[in-house]
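43 is the number of the first residue of the sequence shown in the numbering used here; add one for each residue after it.
These are computed hints drawn from the structure, not numbers from a lab. Just so you know, these numbers come straight off a predicted model, no measurement behind them. From the three backbone atoms N, C-alpha and C, an ideal C-beta is built for every residue, glycine too. Hints may contain errors.
FRET-style restraints, in silico, Cβ to Cβ [stated by the list, open to error]:
#1 Arg376 with Ser151: 27 to 33 Å
#2 Arg320 with Ala218: 54 to 60 Å
#3 Trp640 with Gly184: 53 to 59 Å
#4 Ser617 with Gly686: 34 to 40 Å
#5 Arg713 with Asp537: 34 to 40 Å
#6 Glu317 with Arg535: 36 to 42 Å
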Amino acid sequence: MPGMSDGLRVLHLADTHIGAGLVARPRRAVPRRGDDLVASYRAALASASREGVDLVIHAGDLFDNTAPGSGALGVAAEPLRALASAGVPVVIVPGNHERSAVAESLLLSHENIHVLAEPRTVRLELGGVRVAVAGFPCVRRGAEQGFPGALESTGWRRVAADVRILAVHQTFAGAAVGPTGFRFRPGRDVVFPGAVPAEFDYVAAGHVHRHQVLRSAEDDGVPIVYAGSTDRVSFAEVDEPKGCVLVTFRGCGVEHRFVEHAVRPMSTWPVDVSELGRDEIVARLEKIVRSLPGRAVAQVRLAGRVVAGVLRGLRLADRLRALRPDVLLRVVYRGVDLSGERRSRAVSGRPAAVFACVPGPAVAQWCVAVERLGELPRVRGVYALHDRAGRLLYVGKACDVRSRVRTHLRGGNGANYYRGWGQQVAQVAVRSAASDLEALLIEAELIRRLQPTFNRQLRRGKSYCYLAEDGWAHRQLGVFQRVAPTGAFGPYRSDWQAEQVAVAAAQHFRLALCDAQEEGAEQMPLLGGAAGSRLCARYYAGECAGPCAGRIGADEYAVAAERRAALLSGMDDASLRALETELELTPRGVLERVPADWRRWEAQTLRAAFDQAVETRMAAELLYGLVLLPGDGAEARTAQMLPGGVRFGAVGSDIRDARRMLRAARQVVPRRRPVPPPPIPAGILDALYIAVRELRRGADEYGLISARELAQLKPRELRARALGRGERVREGG
């Protein structure tokens with residue numbers, strides 16, 4: 043490898059998230075996390091000048107979102123332009139926070155700044171060394187399958203080079219994250235390290251915020267190096283050092299060294315406020331805040347049961363910030379049960395009875411105190427954690443319940459969200475499960491019914507929303523909360539996601555996106571046209587067919603609206619596949635009707651919406667159906683998916699069991715289902731999605747009897763299918 047006398051030196055950084063917490067016009071001179079992120083970003087880039095590097099690579103998430111403000115653009119571009127003007131090339135890969143498209147800005151326009159907005163390979167001559175940097179925007183969905191194609195699209199094989207570097211913003215299997223050291227395993231959105239060709243000398247990776255080194259093969263393969271984030275972005279990174287990586291290429295190979303810089307100390311403080319008065323709560327928190335080191339970032343998590351009114355008017359956050367203005371402090375009340383004002387459904391004085399709200403066949407159950415965790419068996423099942431008062435704190439599932447519970451209660455080594463639970467959890471209740479799907483459905487049902495304090499997932503029912511035509515003149519879509527009209531699309535997890543889908547669909551099919559009150563006037567500025575035409579910027583950009591001005595016939599416009607309906611309902615994605623193919627074949631730099639980054643966003647948004655709609659249609663087919671699960675011994679277990687929740691049962695060799703189950707299952711199936719069917723109730727959606735994914739993953743292990751089949755099924759057939767036997771079995775009675 044030809045090279046410079048001291049070797050080729052490259053600075054590798056990633057995940058700077060400029061713009062997060064950055065206030066454009068601050069009203070008060072107080073410390074903010076946005077300023078910390080900028081300072082850490084500058085500290086990392088200062089290493090480039092100090093170390094005399096020849097190349098800088100930013101491996102994704104330069105910005106925290108797709109539309110950074112002018113302030114974020116300015117602070118991000120200034121040091122990069124300074125390096126580029128000094129003759130140091132800069133290569134930037136778009137990350138997932140940027141939606142795989144770094145915001146276009148004149149501030150980043152420089153001959154030495156290369157933004158890999160499309161898969162390509164940048165070839166550089168650095169001191170007589172031919173350097174090829176291949177890269178592509180973050181593959182946000184289906185990375186396991188999409189990674190090889192994206193890599194080949196860079197054309198790296200056709201570029202002659204002495205040093206080959208791959209710059210990516212992806213998750214590789216084996217990468218560790220969080221205080222517990224969780225490691226990603228191969229999966230749909232995880233790339234296997236062996237997918238990196240051996241011809242590369244170094245992989246500059248971003249996306250995982252902890253600095254670490256992986257290998258593309260077991261026997262000293264290509265180093266896959268995560269620089270990590272330049273600052274602690276979340277409390278899951280409490281103890282992680284932050285900085286960048288200095289890479290040196292010499293004739294004998296490649297060396298990489300982590301260059302750490304100082305960041306604010308970060309800590310989490312759980313406080314149990316049960317049975318404490320106002321003065322005691324204030325005193326305890328003030329003691330904690332006084333003990334914090336200078337310029338700390340701290341989070342105080344309150345938990346426990348308090349009498350109504352104890353916390354009212356305390357203004358704890360303001361009081362504590364006034365005590366230590368140098369500290370960035372947040373007070374979290376999520377774990378507090380205000381029992382005097384509202385009695386939580388998660389409060390139960392009998393931990394052993396927590397599973398009684400999910401009736402089903404008799405199975406093994408245990409309830410032990412935390413001092414006796416060794417008595418818990420190593421079984422697959424669902425567990426519930428309670429405090430001393432019997433309040434339900436958390437519900438989870440695991441293949442090895444004992445190990446998982448010990449992980450939660452490991453104290454300082456536990457994940458941030460559970461830190462301090464060793465002081466709060468007093469009892470653990472466990473219910474065994476014969477399969478993963480059974481455990482997942484029981485977990486989802488318990489969370490839906492009881493709303494445990496510390497469960498964050500599977501509680502999205504209240505935030506689900508829908509899109510539907512709202513009677514506007516040109517069939518625009520409106521957002522409906524929770525209850526959706528017939529013919530609605532969705533559900534979507536938030537208003538923001540629903541609005542994004544509506545905008546992308548309008549752009550894709552050139553449909554109107556005007557305000558309902560005065561179409562074309564409020565949202566879109568008028569740009570001329572014939573008198574009274576009311577044409578707006580979207581029409582002249584080719585994003586709207588102009589129905590308000592009669593530029594498209596009613597029948598043709600109706601066809602476009604029906605095609606939108608077919609896409610958003612998961613029925614037909616032909617037009618979307620055509621767009622995806624066009625984006626793959628369009629040469630970079632070709633002028634298009636809509637800028638390339640917007641078209642990529644359009645394709646990605648609609649692909650996610652279509653895939654979710656397909657899954658929702660499959661979920662609707664499961665409703666009222668009977669899912670057949672493995673059981674223990676000579677019985678099989680079942681789960682019937684109902685609008686009001688999941689009903690569990692069991693089928694044994696006795697034919698009377700099958701008769702009773704079949705009779706009960708048929709009674710809840712409506713005789714006539716409306717066409718089109720109404721939207722699925724939000725409360726059961728998570729359980730249905732879980733069932734769909736598991737059935738697709740373990741088709742040989744599980745079975746399904748649809749609601750239509752139930753009407754014609756015989757008890758003997760149900761018994762045979764449930765038990766998985768083709769021969770006759772002994773009838774009971």
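Tested hints:
| no. | hint | result |
| --- | --- | --- |
| 1 | Arg376 with Ser151: 27 to 33 Å | violated, 45 Å |
| 2 | Arg320 with Ala218: 54 to 60 Å | violated, 43 Å |
| 3 | Trp640 with Gly184: 53 to 59 Å | violated, 21 Å |
| 4 | Ser617 with Gly686: 34 to 40 Å | holds, 38 Å |
| 5 | Arg713 with Asp537: 34 to 40 Å | holds, 36 Å |
| 6 | Glu317 with Arg535: 36 to 42 Å | holds, 38 Å |
In this structure, the hints that do not hold are numbers 1, 2, 3, in rising order.
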